[in-house]
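Peer 1: These are the residues of each chain, in order.
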Amino acid sequence: MADTAVAHEGHTSSTGISNVKLGMWLFLGSECLLFGGLISTYMLYRGRVSNGPTPEQVYDIPFTSVSSFVLLMSSLTMVLAVSAAAKKDDRGTNLWLVVTALLGATFVGGQVYEFTAFYNEGLGFTTSLFGSSFYTLTGFHGVHVTVGIIMLMALVAINKRSRVPGSKAETVEMIGLYWHFVDIVWIIIFTLVYLIPV
Amino acid sequence: MAIIERPAPGTTLVPALAPSAPAITPARTFGALRRPVATTGWKSWLFTVDHKKLGLMYGATALFFFIIGGLEAVLIRLQLAAPEGKVLNADLYNQMFTMHATTMVFLFVMPMAAGFANYFLPLQIGARDVAFPRINAFGFWCLLAGGIVVNLAWFFGGAADGGWFMYAPNSGPVFSPSHGVDFWALGLQIAGIASLTGAINLIVTVLNMRAPGMTLMKMPIFTWMITVVQFLLLFAVPVITVALFLLTFQRSFDAKFFDVAAGADPLLWQHLFWIFGHPEVYILVLPSFGIISEVLPVFSRKPLFGYPFVVFSGAAIGFVGWGVWAHHMFASGLGPVSVAVFSLATMAIAVPTGVKIINWTLTMWGGKLVFTTAMKFAVGLIILFTIGGLSGVTHSVAPSDTQQTDTYYIVAHFHYVLFGGAIFGIFSGFYYWWPKMFGKMLNERLGSWNFWLMVIGMNLTFGPMHILGLQGQPRRMYQWTEARAGEGFFNLGFWNLIASIGSIILTLGVLFFLINIVVTARSKVRAPLDPWNARSLEWMTSNPPKEHNFDSIPHVNHLDEFFHRKYEEDPTTHTMREVATAEQVLAELEKNADAHIHMPSPSYWPIVLAAGMPVVALGVIYSIPVAIVGGLIMLYAIYGWALEPATAPAIDHDESSSNGHNGHAVGASHG
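Going line by line, the protein sequences match chains A and B.
Everything in the first sequence is counted per the working numbering, starting at 1 for the first residue and increasing by one.
Everything in the second sequence is counted per the working numbering, starting at 199 for the first residue and increasing by one.
If we strip away everything but chain B, and leave its shape as in the complex, we get:
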C-alpha cells in the first residue's frame, strides 16, 4: 500500500487504511491498466515492489532450483557409483552435468544471495526500500523467466549439453544440434538482466539511502560484501552478455564467430567467458563471506576482529578477481608470459582471502562461543573453504595445474569452495535470519541434524574426488571401467562409491532442512524480538519487519549500532553492561515514529515487461514473428512504466492525506 498512516503520539488520528476505509480506486489509468491495489492474496505478491517480499520470492525460487540442481547431482553420482553405469546414457549425462552446474550457479547461489541482499541490505542501512523498487521487481521476474527458459529445453528436445562454461565451438550447432544451447544462452541472457538491474539498484541504494550517520565504514559487513559483489556483477555481466549474443548469432543466424573453418579463434569464447566467469566465482562466495562475518561476532559475543581489514580484503578480492581469469585456461597454450602473469596473480588473490580467514578466527578467539546452527555452519565454512582455498593455490602453480585440468581434482576444489563456502554461508544465513524473516525460529535440533549430515555428506562426496582426480579420472566422462580402475587404496571404484554414498547423505541433510521449514511453519511459538542478541540495524525492528521497516529512521553513531544502543561500557570495569533491552530500543524508535510514510506503490509493469522476454526468446529459436510479438509486449510495458509515477499520487489511496501533508517519500525515484 502506498501510504501508511499511523497515529502520531498524543493525537487521535484515525488510521486512513482501517478496515472500514472505502474501496480504493486509482485515479488514473496508465496504459490499459490501473494501478494494482491489493494488499493481501496472490495479487499482492505478483505486483509487489516491496524489497522484503521480493527477497522472499528470490529465496523461494532459488530454493526450488536448489532442489532441482541437487537431484541432477544425485543422478550424476548414481551413474558413477559403479563401473559402466546404466542410469543415464551419454547424451543425458552431458545434459545433467551441464544443467546441474548452470542451475546451482545461476539459479540457486546467485538468486539466493540476491534474495538475502534484497531483504537485509535496506534493513541494515536503515532504509525503507531500495532506490528503484519497480526495477527490483522487474529483476526478480527476469530471473524467474530466465530460469524457466533454461529449463524449458528439457521438454523441447533436450537441455544444454556443453558444460556450464559452454566452450565454443564445441557448443556450436555441429556438436550440439538440439535446441538446448539456444534455450541456455537466451535464458541466461534474461537472467543476466536481473543481475544487472539488481546491481545498479543495490549500489544506488547503498550509496544514496543510508540512515543519517551511517558512514561507509559504519556499514554492516554483509552490506559491504554485497556492494562489492554488485560492482563485480555490474562489470562482469555485460561481458557474458556479449559472449551469449555471439553464440546465439552463431547458432540462430549462422554468424561465423566460432567457425574454425572460417579462421575463428577458439580462445575467443574462453576469454570472454572467463573474464565474466572468474569474477563470478567471487560473486558466488562473497555474499556468504558477508553472512558469516555477521554471524561469527554475534555468536562469539565479540565485535568483528579487524573490521576495516575484512572490508578492504573483500574489496581487494573484487579488484584482483579481474586479473586471474586465464588461470582457467593454462592448458590451452597461452604462452609462457601470460601463464606466468596469471599464475602470480592467482597466488596473490589468496592473500586477501587468507586475511579474511584470520579475521574470522580471531573474532572467535577468546569469545564466549555459542554453537547455534547458524554458528556451526559459519565455522564449517571457515574450515571447508580453507581446504578448498588451499587446493586452489595448487592450481595457481601452472605446471601442476596442467596435470589437474579436467580431472576430478578440479571438481573437488570448486565444490569445497562453492559448497563449503557459498552454500554453508547461505545455510548459516537461513538459521540466523529466519526469525527476522518469518517471526519463528528454525528448530535447532533438526538444524543440528541438518548441519552434521551436510558436513559428513559433503566431505564424503567431495573429499574422495581429490584422490580420483590425482589418479586421473577425467571430468565429464559418463562411465568408468573396472579394468582401468587401479588397485588397492587408489582403486577408483571404491572412492567413486564413497562419493556416491556421500551424496545420498548430503541429500538427507538438505531433506532435514526442508523438514525443518515445514515443522517451523507449523509451530505456534513466536520468536523473541532479538533472539541472538544481535548487533546490526536489521534487528532493530519487529519480526518480521513492518512494511515500512522502521517507525522512525535511526540515527547511527556506531558500527554495530543496535548493540551500542543495548550495551554501554562500564567506565570502572571496562566491561559492557546492558543498558536497554531490544524492546526498549524499539519502543524509543516507535515514540518518534513518522506520521506519514509514503511507500512506493505496487505496479503491473515489471511482470508484464519481464513476461515479454521469454516470448522473444522462443521467437528467436523457433519463429521471428513470435519474437516481434514479444518485443511489442515489452514496448507496451515500457510505455506504461514510464508514464506511471513510482509513488502513487495521494489521491489514489486516500483523500485525507492529499490536504497539504506532503509526507516523506521513500527514496524511490523513477524506478
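So here's chain A without its partners, still in its complex pose:
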C-alpha cells in the first residue's frame, strides 16, 4: 500500500518527474527572474556614462565572440557527459565532465582578462552607471559559471571514489541542466549587452 505513495529514491512520484529534477527546474525558473532583474538594470543604465568610457569604446566583439563560442561548446561536451553517464560509462562521464569544466574555465579566464582590459581602459566598477551595471550583470553570470565548474570538478572527484549518493546518471543530468541554463543566459547577455548597439 505504502509503496504507491512514496517516491523511492525519486523513481515514483505523482508527476513522474523525480523530486530533484523538479526541484532543479523550479530553481532555474527562479533564476530567470534573478537574471531578468539584473538584465533590466543593465538595459536601463547602459547608455548612462557620465564619466569614463562608453560601451563602444571598450567592447572587443571578436574576443567575446570567441569566448562565447567556447562556452557554447561546453554545452555540447556536457551533453556527451550526460549521455555517457546514462550508459554507465564512468570513464567517458569523467572525461567529458573534465572537458566541460576546462571549457567553462576558459570562458571565465576570458572574462577575467576582459575585466582587466576594461579596467585598464578606465572603466571601473564605480566609474559610471554603465560600469556598475555591466560588472554586476556579467559578474553574476561569471559567478554562476564558476559555481558550475566547482560542481563539475567535485562530481568528478566524488565519482572517482564511487561516493555519489543516489543515482549517478541523474546527478550528472542535474548539473547538466544548470550548466545549459547558464549557457542560455549567456546567449541573452551576449546579444543584449555586446551585440545590440546603445
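Covered by chain B, according to a simulated footprint, are these stretches of chain A (three or more residues, beta-carbon under 8 Å): (1) 16-25; (2) 47-54; (3) 162-168.
No lab work stands behind these hints: they were computed from the structure.
Note that this is a predicted model, so its numbers are computed, not measured.
We put the beta carbon where it would ideally sit given N, CA and C, even for glycine.
Since the structure of chain A is already known, use the hints to place chain B on it.
Peer 2: Same frame as chain A, now just chain B:
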C-alpha cells in the same frame, strides 16, 4: 530516527529501537562529523529534518518576532498619543517604524505561514515528510540567521531607518549613514534564501508526494493556497534579491546604481521593490485565506461552498498580483498610460478576492454554526478584510490615491488587510490546529477574551487612522502639533489618542493569547482525537502525529477524505449519518500499518551551512577577510552535505533491517 520498526500485525517482531537497543554509532563519517543520532533533548531539535519539528520551530521563532514587532508598534503609538511626543526622538522613531514593518512582514507573518505550511501541508496530502527534508531544515536556520542579522543592527549603531520599502536613494549612505541598512539588506537576503528553498521544497512536495488518489482538485484548500504562495515566492524573491544586491553594492562597494548625480533613476528601486512587494502582499494573506477556508466548513458543518471557485480565485489572485505593482507608485509620475493600466488591473484583482468572500459567506449560510474561537477569528477575518479590501479599491482610483499616498489612510488600509486578514487567519489557525500540534486544546474562555480584545483593539487602533489620513496626517512623521490638529470631530489629537488606547487593548488581547499558551501547556487535559469533527487528512492521525505521520498511507477518494470516512449519505433521507468514529478510522489505518518506514535522517549540515551566512554578512559590512572565513564554512558544509545520503544506510541504525528488507523510503531525495 531514521528507521521506524513497528510490529506487523500478527507477528512478534521486536521493535528494533526498544530502549534496550544498543547505542547507535553511525557507520561512516561525512566531512569531520558523524551523523547526529539523538532522538530527544536539544540536539534532536538542532539537527532535526522532521517537517513537524521544523514547523514548530518556525512558529516559535515567528511568535517571538511578533512580540518584538508588537512592542515596537506600541512605542510608535505611545509617541503619537499626544502632541509633540517625547517617547522617541526622530532618529529612533524612524528605526522603530522601519523595524516594526520589517519584523511583522518578514519575520512574523511569512515564517508563521511557513510554519503552518511545514507542519500541515505534508499531513494534508498524506505524505510522511517533505521532498527535501535537509533543505527544509536549512531554510529554517536561514530565516533565524536572517532575523538575527536584521536585528543585530540595534546593537551596532542603530537599526535600519528607511521604511520597510527602503526607497533608494533615500537609503543610500548619505541619508542613512549608520550600518542599519547594511544589516537590513544582508539579513533579508539570508531570510530570502529561506523563502526560496521553502518554495522549491513545498512545490515539489505538493506535486510529487500526494497520497494515492489525491488529485489536485481533491487537495485541501489550505494546501492549495500555500502552493499558490510558494509559486509567488519562487518568482518574487529573486527580484528583491537583485534589489538588495544593488543596494548592498552601492553602500558597501560604492557602486552607482542609485547615485542620482551620476544619472541614476530613482524609480529603479521602486520598480524592483514593488515587483516583489506586491506579490508579497498576497504571500502574506493567502495562507490565512487557506486557513479560514479550512476552519469555516468545519464549524459550519458544511462543505466549502464552491471549492473550485476558491481554488481558481486564489490562483487568479496569484496571477493578477504580478500586474498591479505600480499602484504603489501612482504619486511618482509614471505617466497617464501606466497609471491607467495599473489602476484597472488593481480594480480587477478585487474580483477574485470578492469571489472568495462570497464563497466563505455562502459556506456559513444555512450551516449549523459553532462559534469556537477559531471560528470567531475566521468570521472576524471576513469582515475586517472586507473593510480593508474596500479601502484598497479606493486606492485603485489613481486621482483619489494621489491624495491618500503617504497618509495614515494607507496605514489604516494595510493594517485592516494584514492585521484583519493575515493575522486573524493565523490566530484562527492557532486555535484550530493547537490540539493537533500539542495534543491539548487552547482554553476557549481565554480564547474568547483574546478574540474580543483583539477585535476591539484593532478597530480602535486602525479605524481612526482612516480619519487621520483623510485629514492629512502624514505617515512616518515622528510628531504632530496641537496648533495644526484641527477642530471638533476631526481633531487629530482625539483620534490619535483613541488609536493609541486601541493599541494597548490590542496588546492585552495578545497577552491573553500568551497566557492561554502557558495555561494550556500546564493543563493535564488531553485533547480528544478529533475535537472539531474535522474534514481533512491532517486529522486522520494521532494528536500530535507520530514521527512518520501515518501508520499506513491512506487512499484518497474524496475531497474532505476524513469526513467521508466518518459519514455517509443516507440514501432515503439524503442526510449524512455517521458510520465510523475517528478512532475507528484510525484503527483501520493502523491495521494496515507499514512494517518498515524509512524516515530521512537528522543532519548537522543544514545548521552549519546556515551559520556561515551571518559570518559572511558581518564580513561584508566590516571586514572582507571575515566574509571569506564565512564562505569557507559554507563551502565545507556544502561538501559534507553533498557526500551524506539523505536517508542513512540501514547499518547506521540497526543491524536487523539491513538483511534484505528494503523498506520504503520517504520521497526524500538528495535534499
